[in-house]
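S.K.: Sequence:
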Amino acid sequence: MSNPKPTPEEATSWLRSSFASLSPEDRIRSFLAPREGESNRFYSQFTTKDVTLRSITKTPEGLTLVTYAFPVSEFHCNMSGNMHGGFQSTAFDMLTSLAIMANLEPGNPFMDGGVSRTLNVTYLRPAPLGEMLVMECEVTHVGKRMAMTRGLLKRERDGAVISTCEHNKASVEGGKKWKGESKM
Numbered sequence: 001m002s003n004p005k006p007t008p009e010e011a012t013s014w015l016r017s018s019f020a021s022l023s024p025e026d027r028i029r030s031f032l033a034p035r036e037g038e039s040n041r042f043y044s045q046f047t048t049k050d051v052t053l054r055s056i057t058k059t060p061e062g063l064t065l066v067t068y069a070f071p072v073s074e075f076h077c078n079m080s081g082n083m084h085g086g087f088q089s090t091a092f093d094m095l096t097s098l099a100i101m102a103n104l105e106p107g108n109p110f111m112d113g114g115v116s117r118t119l120n121v122t123y124l125r126p127a128p129l130g131e132m133l134v135m136e137c138e139v140t141h142v143g144k145r146m147a148m149t150r151g152l153l154k155r156e157r158d159g160a161v162i163s164t165c166e167h168n169k170a171s172v173e174g175g176k177k178w179k180g181e182s183k184m
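Under this note's numbering, the residue at position 136 of the sequence shown is numbered 136, and the numbers go up by one with no gaps.
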């Protein structure tokens, strides 16, 4: 017998309590681990089977740098056999958000990931099926309501840049606390 899917309130409660007590590496690994009932999500293959956490570094200046690796799989390719630009955007969205969540203090409003404000991706060259890629995510700012990250997607074999990203996030309340009025 499987556990029922948690309500949004239960998931948020878990994020704000249990998740906050994990190490930065374990925070990311908890999101990359398979979860029952999510096999039908479009990113399940990517997060649970394809992505590997390579490193997390917190610089003396307070920046967080997170590096991931993953292959270009058929599931993420367009008809020309290259990683779809829309999927590159999705990968940047998910993995830069995890980078923000990795080194937060308990109680930080971005513990639940926040929402995307802007996601700008510049595509420089194709990423063909089977190519091994490395994504470098840099958390440049986390404030009370806004956060900013930058990302680079590179070929592992020679470091050539595939695409770049700037991702701005906002922290907003959701679930039962949200009354339908913006706090921004």
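Because the hints were derived from the structure by calculation, they are not lab data.
A few of these clues could be false.
What the hints assert, rightly or not - Here are the simulated distance ranges between beta carbons:
| id | residue 1 | residue 2 | range |
| --- | --- | --- | --- |
| 1 | Arg-157 | Gly-86 | 32 to 38 Å |
| 2 | Glu-166 | Glu-105 | 22 to 28 Å |
| 3 | Glu-156 | Glu-105 | 19 to 25 Å |
| 4 | Thr-118 | Asp-26 | 26 to 32 Å |
| 5 | Arg-54 | Thr-140 | 18 to 24 Å |
| 6 | Ser-80 | Pro-106 | 43 to 49 Å |
| 7 | Asp-158 | Lys-58 | 25 to 31 Å |
| 8 | Phe-75 | Met-146 | 18 to 24 Å |
| 9 | Asp-26 | Gly-86 | 16 to 22 Å |
| 10 | Ser-21 | Gly-86 | 20 to 26 Å |
| 11 | Lys-144 | Ser-73 | 35 to 41 Å |
| 12 | Met-79 | Lys-49 | 30 to 36 Å |
Claimed, not checked - Below, simulated BS3-like cross-link-like pairs (lysine-lysine); rule was C-alpha separation at most 27 Å, straight line:
| id | residue 1 | residue 2 |
| --- | --- | --- |
| 13 | Lys-154 | Lys-58 |
| 14 | Lys-49 | Lys-144 |
| 15 | Lys-58 | Lys-144 |
Idealized CB from N, CA, C, for every residue including glycine.
S.K.: Does the structure break any of the earlier hints, and which numbers would those be?
M.R.: 1, 3, 8, 9, 10, 12 and 14
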